[in-house]
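Here the protein sequences line up with chains D and E, keeping their order.
Under the working numbering, read the first sequence as residues 1 to 465, first letter to last.
Under the working numbering, read the second sequence as residues 466 to 563, first letter to last.
Everything labelled a hint here was simulated from the structure, so no lab data went into it.
None of these values were measured; they are calculated from a predicted model.
A portion of the hints provided could be inaccurate.
Unchecked claim - Listed next, with one range per pair, are the computed distances between beta-carbon atoms:
{"hint": "1", "chain 1": "D", "residue 1": "R93", "chain 2": "E", "residue 2": "V512", "range": "31 to 37 Å"}
{"hint": "2", "chain 1": "E", "residue 1": "R479", "chain 2": "D", "residue 2": "A99", "range": "19 to 25 Å"}
{"hint": "3", "chain 1": "D", "residue 1": "L452", "chain 2": "E", "residue 2": "V512", "range": "20 to 26 Å"}
{"hint": "4", "chain 1": "D", "residue 1": "N401", "chain 2": "E", "residue 2": "G549", "range": "43 to 49 Å"}
{"hint": "5", "chain 1": "D", "residue 1": "A291", "chain 2": "E", "residue 2": "G484", "range": "53 to 59 Å"}
{"hint": "6", "chain 1": "E", "residue 1": "G474", "chain 2": "D", "residue 2": "E89", "range": "46 to 52 Å"}
{"hint": "7", "chain 1": "E", "residue 1": "V512", "chain 2": "D", "residue 2": "A339", "range": "53 to 59 Å"}
{"hint": "8", "chain 1": "D", "residue 1": "E367", "chain 2": "E", "residue 2": "Q475", "range": "48 to 54 Å"}
{"hint": "9", "chain 1": "D", "residue 1": "S188", "chain 2": "E", "residue 2": "P511", "range": "43 to 49 Å"}
{"hint": "10", "chain 1": "E", "residue 1": "R479", "chain 2": "D", "residue 2": "T334", "range": "57 to 63 Å"}
Stated by the list, open to error - Below 30 Å or equal to it, Euclidean Cα-Cα: the simulated DSS-like pairs (lysine-lysine) are:
{"hint": "11", "chain 1": "D", "residue 1": "K348", "chain 2": "D", "residue 2": "K2"}
{"hint": "12", "chain 1": "E", "residue 1": "K513", "chain 2": "D", "residue 2": "K448"}
{"hint": "13", "chain 1": "D", "residue 1": "K329", "chain 2": "D", "residue 2": "K348"}
{"hint": "14", "chain 1": "D", "residue 1": "K150", "chain 2": "D", "residue 2": "K170"}
{"hint": "15", "chain 1": "D", "residue 1": "K98", "chain 2": "D", "residue 2": "K2"}
{"hint": "16", "chain 1": "D", "residue 1": "K329", "chain 2": "D", "residue 2": "K170"}
{"hint": "17", "chain 1": "D", "residue 1": "K170", "chain 2": "E", "residue 2": "K469"}
{"hint": "18", "chain 1": "D", "residue 1": "K313", "chain 2": "D", "residue 2": "K150"}
{"hint": "19", "chain 1": "E", "residue 1": "K513", "chain 2": "D", "residue 2": "K343"}
Said to hold, decoys possible - Covered stretches of chain E (in silico footprint by chain D; criterion: 3 or more residues with CB under 8 Å from a CB of chain D, positions within the stretch not fixed):
{"hint": "20", "segment": "466-477"}
{"hint": "21", "segment": "486-493"}
{"hint": "22", "segment": "506-517"}
{"hint": "23", "segment": "520-533"}
C-beta atoms are modelled at their ideal positions from N, C-alpha and C, and glycine is treated no differently.
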Amino acid sequence: MKPVDLLIVGSGPAGMAAAVTARRTGLDVLVVDEQPAPGGQIWRDIETVAGTERGTLLGAAYLDGRRAAEAFRASGAAYEPGAQLWQIEPGFRGFVTKAGEARIIEARTILLATGAQERPAPFPGWTLPGILTVGAGQILLKNAGQVPAKPVWLAGSGPLMLLYMTQLLKAGGEIAGYLDTTPPGRLSSALRYLPGALRAVGDLFKGIAWSLTLRASGVRRIRHVTDIEAVGTEHLEAIRFRTASGTEETVQADALLVHEGVIPSVHVALALGSAVTWRDDQDCYVPILDAWGESSQPNVFIAGDGAGIAGAKAAALRGEIAALGIATKLGQITPEAAAEASKPARAKLERELALRPFLDALFRPREAIFIPDDETVVCRCEEITAREIRAMARLGRPGPNQVKAFTRAGMGPCQGRQCGYTVTRILAAAEGRSVEEVGFYRIRPPLKPVTLGELASLREPEATS
Amino acid sequence: MFRKLHDPGQAALRVYIDGVAVPAEAGESVAAVLLRQEAVWSRLTPVKGSKRAPYCLMGVCFDCLAEVDGVGSVQTCLTTVQDGMRIARQRGKRSLGA
Ligand code: FES
Numbered sequence: 001m002k003p004v005d006l007l008i009v010g011s012g013p014a015g016m017a018a019a020v021t022a023r024r025t026g027l028d029v030l031v032v033d034e035q036p037a038p039g040g041q042i043w044r045d046i047e048t049v050a051g052t053e054r055g056t057l058l059g060a061a062y063l064d065g066r067r068a069a070e071a072f073r074a075s076g077a078a079y080e081p082g083a084q085l086w087q088i089e090p091g092f093r094g095f096v097t098k099a100g101e102a103r104i105i106e107a108r109t110i111l112l113a114t115g116a117q118e119r120p121a122p123f124p125g126w127t128l129p130g131i132l133t134v135g136a137g138q139i140l141l142k143n144a145g146q147v148p149a150k151p152v153w154l155a156g157s158g159p160l161m162l163l164y165m166t167q168l169l170k171a172g173g174e175i176a177g178y179l180d181t182t183p184p185g186r187l188s189s190a191l192r193y194l195p196g197a198l199r200a201v202g203d204l205f206k207g208i209a210w211s212l213t214l215r216a217s218g219v220r221r222i223r224h225v226t227d228i229e230a231v232g233t234e235h236l237e238a239i240r241f242r243t244a245s246g247t248e249e250t251v252q253a254d255a256l257l258v259h260e261g262v263i264p265s266v267h268v269a270l271a272l273g274s275a276v277t278w279r280d281d282q283d284c285y286v287p288i289l290d291a292w293g294e295s296s297q298p299n300v301f302i303a304g305d306g307a308g309i310a311g312a313k314a315a316a317l318r319g320e321i322a323a324l325g326i327a328t329k330l331g332q333i334t335p336e337a338a339a340e341a342s343k344p345a346r347a348k349l350e351r352e353l354a355l356r357p358f359l360d361a362l363f364r365p366r367e368a369i370f371i372p373d374d375e376t377v378v379c380r381c382e383e384i385t386a387r388e389i390r391a392m393a394r395l396g397r398p399g400p401n402q403v404k405a406f407t408r409a410g411m412g413p414c415q416g417r418q419c420g421y422t423v424t425r426i427l428a429a430a431e432g433r434s435v436e437e438v439g440f441y442r443i444r445p446p447l448k449p450v451t452l453g454e455l456a457s458l459r460e461p462e463a464t465s
Numbered sequence: 466m467f468r469k470l471h472d473p474g475q476a477a478l479r480v481y482i483d484g485v486a487v488p489a490e491a492g493e494s495v496a497a498v499l500l501r502q503e504a505v506w507s508r509l510t511p512v513k514g515s516k517r518a519p520y521c522l523m524g525v526c527f528d529c530l531a532e533v534d535g536v537g538s539v540q541t542c543l544t545t546v547q548d549g550m551r552i553a554r555q556r557g558k559r560s561l562g563a
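All chains, please: the whole structure from these sequences, using the hints.
Shown next, in the form of C-alpha cells:
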C-alpha cells in the first residue's frame, strides 16, 4: 500500500493553508488533528460559529477563518479530526488513535502544524478549580458561547489578554478587575522596535483600540502586579496580590483567568529529534528551520506558531511556503517554480514578522514567573513543588532528565508540557548555568497517553487514499 | 462558574454527570458543560487526591480528565457532547485496561 505524500499534524491556519497549497501541486495529503473541527485555537469552531451573533462578536480576525476553512474543505485533502498522534517513527510511520482505535499511517513527508500553547506561569494555588487560562476562557466563548457567571478576575499580560477582555465585555460578561503583570519600563524597552512595528501599523492600531475600549469601560486595572497567590481549599476563594510598589491586597474571587503569553508547541518536534534553539527574547525554544520550514530532520517540516510565535496570518503564509518546499523535495515542482510561487507569501510574511520584536519586548513576562517560590506546584500532574526541584539541584548538578527520574516531575499525562520550562529555569538558576546548558526534558513516545486497549487495536499500515 | 449567553433551543441535549441529568448543547465540549455546574471539578489527582477542573481547554494540561461512557481518563476538553452521554468525575488513576 502506498504511503501518503504528506502527513500534516494540525488543522489550524498553517495546517489548512499547507494542505491547500500542497494539493494544488498535486500531492496527496492527509491532515490529522486532535480537535473535533478545523480552525485551530484561533479559529476554533469557525464553521459553526461564523454565521452566528457570536461570530460577529468575536470580530473580523476570527471571521477570517471562514474562508480558510472553506478552502481547506474544498482542497481534496483527506482530513481526520479527533485523531491523536502519539508517535512518529522514521520513515515515516505515524501512530494515531481515533475513537479508541489505534492505527499506523505511512507518509513520505511530515508537516508539524501543532501551533502554540499558553506559557505556563506557576504561582501558589494555580491548580485550584476556579482558575483557568485566558485562552481557555476564549475557547469557551467560541465553542460554547459561555462567559464567567460572576464578575471575573484576570491576571497577566499579553495581546490575548486584551483581546479576550474586550470580547468578554462586548458579550455582556463582567470583569471584577485586571491584575496587569506587565513590568514597569516595558514600553520604553519596546520603543526601539517601533520603526519595524510601524510597517505592521494596522495591527498596531488594533492593539491600541483594544486598550481604549478597556479604558472607556472603566475596568479596574491594577498595574505592575508582581506576586499572585490563589487561596482556597477545594475551589478558588480569594486572590492575594502584591504590586511593585509593595501594596498588598486580598480580594474574594470564585473565578480567575491567567495568561502570560504563548509559546510554540515543540513536543512533537523534540520527539522527532528536530533541533531547537533557545530564544532569549521570547523565553522559549523554537525549532531551527531552513527557508522552506524544513527542520534538522530531513522531510520533517514545521510551520505556524509551532515554528515561532507570529500569529495566524504568518502561520498561514508559513504553511504555504512549507508546502511548496515539500512539493519541491518530492519532485512535484521545480525549485525555480517553488521560488517563484513563494514570492508573494514571503513578502507578506516579512511584513507580519516586523511587528514581533515590538510585541515581544512590550509583553515580555516578568522574571518571577519562570522561577516560582518553593511552595508553588511546578508539575501539575505529579504535584511536585519548586522546593523539591531545588532540593535535587542541591544534591549535584542534575539536568531535567535526572530530576524527572527522581521526582516524577514531567512523567504525568501532560509529559512536561506544563512543567518543562519551569524545571529547566529553576535548575539553571540554582546551578548557575545557562538555560541552554541545562537543556530540556528528553521527549519520548507516546506523546499522548495510550491505553492497552488502544494498543491492542493497532492494525498494520493501510492505504489512506 | 460559567453561564451560557444564549438558549441552545434546537441544539439542546441532555447528558449525565455522576448520574444527574444536565442540559448541554450540540457541538460544545464536555469540559464546557462541567464548568457550568455547581461543582466544576473533573477529577481528583492520583497523588494527593486534590480536586482539578478543566484548565487549558486545548488539550495541553490533562486536568480535565474524566470518565466518559465508561472510558477512563478522557480529555473532556477535546470531547464533544453527545445526547445521553454519561460523564463521571474521575477519582484517582484509571485502571490500565480501560
Ligand atoms: S483542559 Fe487542559 S487538557 Fe483539557
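Hints and how they fare:
For D:R93 paired with E:V512, a C-beta distance near 34 Å keeps the hint of 31 to 37 Å intact. For E:R479 and D:A99, the hinted distance range of 19 to 25 Å is satisfied, since their beta carbons lie about 22 Å from each other. Between D:L452 and E:V512, the C-beta spacing of about 22 Å keeps the proposed range 20 to 26 Å intact. Between D:N401 and E:G549 the CB atoms are about 45 Å apart, so this pair conforms to the stated range of 43 to 49 Å.
Our hint of 53 to 59 Å for D:A291 and E:G484 holds, since their Cβ atoms are close to 57 Å apart. Checked against the hint of 46 to 52 Å, the pair E:G474 and D:E89 passes, with Cβ atoms roughly 48 Å apart. Between E:V512 and D:A339 the C-beta distance comes to about 54 Å, which sits within the given range of 53 to 59 Å. At roughly 51 Å, the beta carbons of D:E367 and E:Q475 sit within the given window of 48 to 54 Å.
A hinted range of 43 to 49 Å for the beta carbons of D:S188 and E:P511 is consistent with their spacing of about 48 Å. At about 58 Å, the CB distance of E:R479 to D:T334 agrees with the hint of 57 to 63 Å. Restraint check for D:K348 and D:K2: the C-alpha separation of about 36 Å exceeds 30 Å, so the hint is violated. For a cut-off of 30 Å, the pair hint linking E:K513 to D:K448 stands: about 23 Å separates their Cα positions.
For the suggested pair D:K329 and D:K348, the alpha carbons sit about 23 Å apart, so the restraint of at most 30 Å is met. Proximity of D:K150 to D:K170 is assessed by CA-CA distance (about 15 Å); at most 30 Å being required, the pair is judged to hold. Distance check on the hinted pair: D:K98 and D:K2 sit about 21 Å apart at the alpha-carbon level, within 30 Å; holds. For a cut-off of 30 Å, the pair hint linking D:K329 to D:K170 is broken: about 48 Å separates their Cα positions.
For the hint linking D:K170 to E:K469, the alpha-carbon distance of about 14 Å falls within 30 Å, and the restraint holds. A distance of roughly 34 Å separates the Cα atoms of D:K313 and D:K150; the hinted pair therefore is violated under the 30 Å criterion. With a C-alpha separation of about 56 Å, the suggested pair E:K513 and D:K343 falls outside the 30 Å cut-off, and the hint is violated. With a cut-off of 8 Å between beta carbons, the segment 466-477 of chain E has 6 residues touching chain D; three or more are needed, and the interface restraint holds.
Using a Cβ-Cβ cut-off of 8 Å, 3 residues of the segment 486-493 of chain E lie near chain D, which meets the minimum of three, so the contact claim holds. As drawn, the segment 506-517 of chain E meets chain D at 7 residues by the rule of a beta-carbon pair under 8 Å; at three or more, the given contact holds. Only residues whose beta carbon comes within less than 8 Å of a beta carbon in chain D count, and the segment 520-533 of chain E has 10; three or more means the coverage holds.
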